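Undergrad: Okay, here's what each chain looks like letter by letter:
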Amino acid sequence: MKDTTKNTNKVLLSMEHLNFSFNIQRGVVKAVRDLSLTIREGETLTLVGESGCGKSVTAHAINQLNPMPPGEVVSGSINFKGRDLLTLPMHEIEALRGTQISMIFQEPMTALNPVFTIGSQIADVFMTHQKISKQEGLKRAVHLLDLVKIPSPETRVHSYPHQLSGGMRQRAMIAMALASPEPGLMIADEPTTALDVTIQAQILDLLNDLKSKVNMSILLITHDMGVVAEMADRVAVMYAGRKVEEADVFSIFEEPRHPYTLGLLNSLPSNQKYKGARRLEAIDGTVPDLLTIGEGCPFCNRCTFALPICSKEFPGETVITEEHSVWCHNHKAVEEIIAK
Amino acid sequence: MLKHILKRLGLLIPTLFGVVTLVFFMIALAPGDPARVMLGERANAAQIEQIRQELGLDKPLIQQYGLYLSRVVRLDLGESITSGQKIKDEISERFPATIELAIWAMLFASIVGIILGVTSARKRNSWVDYTTMGGALVGVSMPVFWLGLVLIMIFSVWLDLLPTGGRMNVRYYFEPITNFYIIDGMILWITEGTPKYLVSAFQHLILPTIALGTIPLAIIARTTRSSMLEVLQQDYIKTARSAGIRERRVVYRYALRNALLPVVTVIGLQFGLLLSGAILTETVFSWPGIGKWIYVAIGARDYPAVQGGIIFISTFFVLINLVVDILYSVINPRIRMQ
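As given, the protein sequences belong to chains E and F, one line each in that order. In this text, residue positions in the first sequence follow the numbering used here: the first is 1, and each later residue adds one. In this text, residue positions in the second sequence follow the numbering used here: the first is 1001, and each later residue adds one.
Possibly wrong hints are sitting among the right ones.
[As the list claims (entries may be wrong)] If we take Cβ atoms under 10 Å as the criterion, some of the chain E residues that face chain F in the derived model are:
id	residue
1	Leu37
2	Gln64
3	Gly71
4	Val73
5	Val74
6	Thr117
[What the hints assert, rightly or not] Below, simulated EDC-like cross-link-like pairs (lysine to aspartate or glutamate); rule was C-alpha separation at most 20 Å, straight line:
id	chain 1	residue 1	chain 2	residue 2
7	E	Lys312	E	Asp289
8	E	Lys10	E	Glu322
9	E	Lys131	F	Glu1247
10	F	Lys1123	E	Glu317
11	E	Lys213	E	Asp196
12	F	Lys1007	F	Asp1325
Since the hints were made in silico from the structure, they are not lab data. A quick note: this is a predicted structure, and the numbers were derived from the prediction, not measured. For glycine and all other residues, C-beta sits at the position ideal for the given N, C-alpha and C.
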């Protein structure tokens, strides 16, 4: 299993109190609120939460792929190797993208350009960042396709995306993200969601394998607790734009302190209590509208542990251990439930 | 690929059969009589009857149709009633003028239209976008003949910058070589050492090109914009950006290549329509092309000329569609494989 001694490693990226909003016609959508994250070198941080909770917006804030406008950084900073990404000019961001911060996406079916061969797409990344010929770029593309375990890479390099299966395309995507001369951060935005279960496992294995080979850190975005268990060193749980709990992967599964984390774990089909059961438990209610959301805890309308104060103000950080923090007024109650 | 092209060429035959049939009967249905037009108001019935016999117009319609069809199959389009020349020769003499104008108009429309469309899409909802799309709406609603006359009024009559019509300064002694005057102008520049022919040919092309190209330009700009807007939302654009590809390259290589698919179709269709639009433009600018020739032939009820001209243009239209299809598969590998 994972070793949790990595907290001595150097910090690669630290996001401090990021507030990110979208100004749309009907008002301001506060997609990410007061979010702080730290990613250390060689570490996998997973960002967990349901659709629309701001996971992707957070990830795209790092390499600035959010459309701006309507998107807007209201406040905060993102320090990457000693520089604040949010104050860098666009050409420096472009130079970082694909070299030190690369990204793979959820939909391998649509994330590759349908009118170019995968080889030329990978070669183009090389050629953007280094002075090399197309020939040399293609040669390196073959090497990368080999690295991500695509069979007969010399012929596959000339294939168009539609000639590859979903799993192959995702491997090609990963190869494209690896076209970097320097190890850095790979952002994986739900990399396995659109794939078959068997292919999922292969892709996750591949990512773990590559991580040790090229010494990169991974920011993995997912809503699948199974993927979290497989990949994560640390976990940040997000709900409606806020981080509600953060811990090492063992603590999250064994000693969750936030009612939402507890709810997520309770709705896992693999949970012990479902042996012989006929129905899965779900968290009651729906996610609040980010347009009209107030200052209280966003989860309070669905929370079985809610106190009167929950709807009025968002709780401060409660440090449980050095690696484990929770943002909940009533985390003691969750602790008692777990203890039973 | 070759098999596909041959198959498409084979499909030309039934299409052209339909065109020939349609054109023949539509003209037969039109009021007016070539014999009467030829002889004028005061001809008597016997004279008219004689001419009608000479032209074969006294025979039953279905028999005329059979005769015409059998000649067309032998690639014989007949002779013009008014000039007595072979239709084939008349067309081959005038067609280069039409094609030259059409190609320039289409180049103008495509290049400017695509650039405007891409710019509007990138700067969506900015003043650039609003101005371009507003202009495109005006452009697409503008009648060609009216636009032509306004251009002549402004640039030829008021400003005296450009000629009002024709293809070449009439004072220049000029023996056409290819009949494409821009090319001829270049050849003569080399052989005779003076660019005056090229300059004159170019000056004569400007106004008709703008008049003929404005509507396709507007349509191409609108199509490019909407296609680009859709493509720029696609995941693979985000992928390209996330890999650090420069924005300019993302737009003009990664996005435009995909966005061009519907645009190419529109360009092909517009090119075909241009040939019919050429009838008006050529008339306004006294452009000695096939459009103006058909226009005159219609007035004279010169049946063989009208039929021959329309059949020729139709064939050309179908061929352009074939070229578009081939281009399509070059741009889009997903089609190539099938």
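Undergrad: The structure should be examined with respect to each hint, and the outcome stated for every one.
TA: Hint check:
For E:Leu37, the interface hint is violated, the least distance from its beta-carbon to any beta-carbon of chain F being 19 Å, above 10 Å. Taking 10 Å as the C-beta cut-off, the interface hint given for E:Gln64 holds, the closest approach to chain F being about 9 Å. Because the smallest distance between the Cβ of E:Gly71 and any Cβ of chain F comes to about 13 Å, over 10 Å, the interface hint for this residue is violated. Given the 10 Å rule on beta carbons, the hint for E:Val73 is violated: about 17 Å separates it from the nearest Cβ of chain F.
The criterion of a C-beta within 10 Å of any C-beta in chain F is not met by E:Val74, whose closest approach is roughly 22 Å, and the hint is violated. Nearest Cβ of chain F to the Cβ of E:Thr117: about 8 Å, under the 10 Å cut. The hint holds. In summary, the hint linking E:Lys312 to E:Asp289 is supported, as the alpha carbons are separated by about 17 Å, within the 20 Å threshold. Proximity of E:Lys10 to E:Glu322 is assessed by CA-CA distance (about 16 Å); at most 20 Å being required, the pair is judged to hold.
Restraint check for E:Lys131 and F:Glu1247: satisfied, since their Cα atoms lie roughly 18 Å apart, inside the 20 Å limit. The hinted pair formed by F:Lys1123 and E:Glu317 fails the criterion: a straight-line CA distance of about 43 Å is larger than 20 Å. The straight-line distance between the Cα atoms of E:Lys213 and E:Asp196 is roughly 25 Å, outside the 20 Å bound, and the hint therefore fails. Note on F:Lys1007 and F:Asp1325: the hinted pairing holds, with a Cα-Cα distance of about 12 Å set against a maximum of 20 Å.
In summary, the numbered hints that this structure violates are 1, 3, 4, 5, 10 and 11.
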